[in-house]
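Residue strings, one per chain:
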Amino acid sequence: MNSTTDIAAMQVLLTGATGFLGRRVLRELVDEGGAVRCAVRTGSDINRLRDFIGARRWNQTETVSGQLTNLDHCRALVTGCDVVYHAAAALSGCPSNLVMNSVISTRTLMTAAAEADVSRFVLISSLGVYGSQKLASHSVLDETCPVDTAGFLRDPYTYSKILQEEVAWQIANEHQLPLVVVRPGVIFGEERGVLCHRIGLSIGHHLLRMGGSQRVPFTYVDNCADAVKRAGIVAGIDGEVFNIVDDDLPTGRQVIREHRKSGRKLKVIGIPQFAINWLADFNEYYSRKTEQQIPAVLTRYRVQAMWKSLRYSNDLAKQKLGWRPTTTLDEAFERTLAFDA
Amino acid sequence: MIEKRIKIGLVGCGQIADAHLQQIRRIPWADPVAVCDLEPLLARQAAERFEIPGQFTDLDQMIEQTRPDVVHLTTPVGSHRPLALQLLAAGVHVYVEKPFTVDADEAREVLAAARQAGRLVCLGHDQLFDPAWLECRRRVAAGAVGDVQHVESVLGYPLDGPFGTQVVANVDHWVRRLPGGLFQNTISHPLYRITEFLRDDEPEIQAAWFSRVPRIPFPTELRAHLAGEQVTGSLLFMSTTKPCHRLTRIYGTDGSLEVNLTSQLIRTDQIDRYPGAIARIEVPWRQVREASRNFRQNLLRFWRGDFHYFDGLKEMFRQFYQAILEGGESPVSGEEIVRVTAIMDRMFHACQREDDKRCDGRRQRRTTHSHIPETENAFEKRCDAADEVLCEKSP
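Protein chains in written order, with the numbering used here: chain A, 1120 to 1460; chain B, 2 to 396.
None of these hints come from the bench; they were simulated from the model.
Every value quoted in this text rests on a predicted model; they were computed, and no experiment measured them.
Idealized CB from N, CA, C, for every residue including glycine.
Careful, some of the hints might be misleading.
[Stated by the list, open to error] Computed, partial: chain B to chain A, Cβ under 8 Å: (1) ARG50; (2) GLN167; (3) ASP173.
[Claimed, not checked] Covered stretches of chain B, going by a simulated chain A footprint (3 or more residues, C-beta under 8 Å): (4) 6 to 20; (5) 34 to 44.
Produce the complete structure using the sequences and hints provided.
Here is the structure:
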């Protein structure tokens, strides 16, 4: 692992601090002695954030309201900052809103960061950006795999993350802004649960389990926050990309079993792996025939990217960031499922 | 059968542009040729997802290079007037997303320019072309409710929806700067469902707006009463109730009829056919039969693949394009555009006047009492708190 910079000597800007991952990143940074400025949206629930990190850590935290799509606001936010952690992103909404709040905001913030000579910009992207539909089944997905070049064929969230990265690399190259990109897998933990789209789709009170034997690229939120923190302080990694997934990843079936073992009821309709493509073909056909009476949520392109059996590598993060998933998946599942049980 | 094809451009690639592009794609003889937005990334995402060949950030360039017959304006309302004038001057027909313009004066100016240029203009009164509304209109015309006396129109607005959350979160959002605020962007829908039957140009208007959510510093609820010579109307804009209704109830001399645009249902209430207790049995039986008929109709439509949220929009586009190609009239007349816009202006003025009165009263009470008396009722307390926020914001 490369050497690290002392966070205690740095001024840090963190966006998305009130979010699921952002709160844990804030806690990690403050625990290392960093002075953290949190960019929050007007109307965000600051009290919840304060309660989460506790009064002692709160003293090292500054919160500033602003719109990340506004260049003047961004200039004020980055003033005096050494490192920017950009975890804010829109998770849902229509495509134009996602582009506005994830892509355009990233471009604006990075432009301001470049003007302010920030020494590192850490972008939280997503493992979903890979064009994994082109990979053979059971092959390894690592940082050398290409990003999807036809993001508009994916779901709106993934499309916005693909565009976000494209814009980020463009700004970093144009302005020589040192950029590090972190691509977490499916982040889970307390408050969010373990069921996700990589396992299946929720339809009413049922879960449509897609396949079930493929590994789910999970990362426990505390482990992921540790990796994100390191991406801002480890020296000599500018221009690098890191996939963040935990070790010993479970299959979809195993996750459902754990979920049920915790006493939760779940009605599951299993779609075998071989039938996923048929289902997608039917959805596309029906949607086209009825002029989208039911939209083509499942398409060949999307299901190949989402539910293909792959192996996921976290070697680069271990090697260069010195990161290890310190909470094992068993422990992480236990904590997650005990929450709100 | 339309033999010619029509070339379409679109300016403003935000949320509503998706609905337009989806519906344009459903018309086989319509060719969307270009999209335009000041923000290149927004133009790009729309062009990529809907396979539109041209993407521009400059309107003049779009017109020059793609020569569209008609351009849809789906930008924030503040830009409708200048963009519409620019397009009409370039000889392009214009479809304007609601609200048409910031006020009725601007609307008159745009329509005068259209007359001078010999081009058509249409406004997004799409729910009047929705299949359920067309059926409702047919039944009313056939005398199902007798003479219409009153129309009640409800719009439920999801503040936690994709657009509502943007307006709430962004203090600089363009919607917040409109004279009619949140309401101006959407209230034309329930309003034109009333004005279809209330034909007066200048009905009497009583209206008030308020908020029930203390953390939101702008009004989120509106109630209005309109009185014409023959017909009256009441309009409810509600943002804290679920489900979010798109309902209209038409009361007539011989019965009433309720149309639910979301569920595509029509329900009728008619004069009792039997006396006293027997009617208590006959009325629910009639409702069962009506529900059964509605179920069968919706099942048939589902089987045919005939349910689309924006069916009215598609039908309206179709009629507008047909009028352009064959030299007809716009499906929404200029007179109707001005009439609805002017009623909206007067409604917002009435709300503002009520607001001023309420705030004056509150200030008066503040000066005469050391504190505002607390109400016991939790709901009133909530309204009171929201009211205070609004009064503090007002000059």
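Each hint, compared with the structure:
Evaluation of the B/ARG50 hint against chain A yields a held restraint, the C-beta minimum of about 5 Å falling below 8 Å. The beta carbon of B/GLN167 is positioned within 8 Å of a beta carbon in chain A (closest approach about 6 Å), and the interface hint is therefore held. For B/ASP173, the shortest C-beta to C-beta distance to chain A is roughly 7 Å, which falls under 8 Å, so the interface hint holds. Figure legend: the region 6 to 20 of chain B, annotated as covered by chain A; annotation consistent (5 residues with Cβ-Cβ distances under 8 Å, at least 3 required).
With 3 residues bearing a CB less than 8 Å from a CB of chain A, the region 34 to 44 of chain B meets the requirement of three and the coverage assertion stands.
Violated hints are absent here; each numbered hint is respected by the structure.
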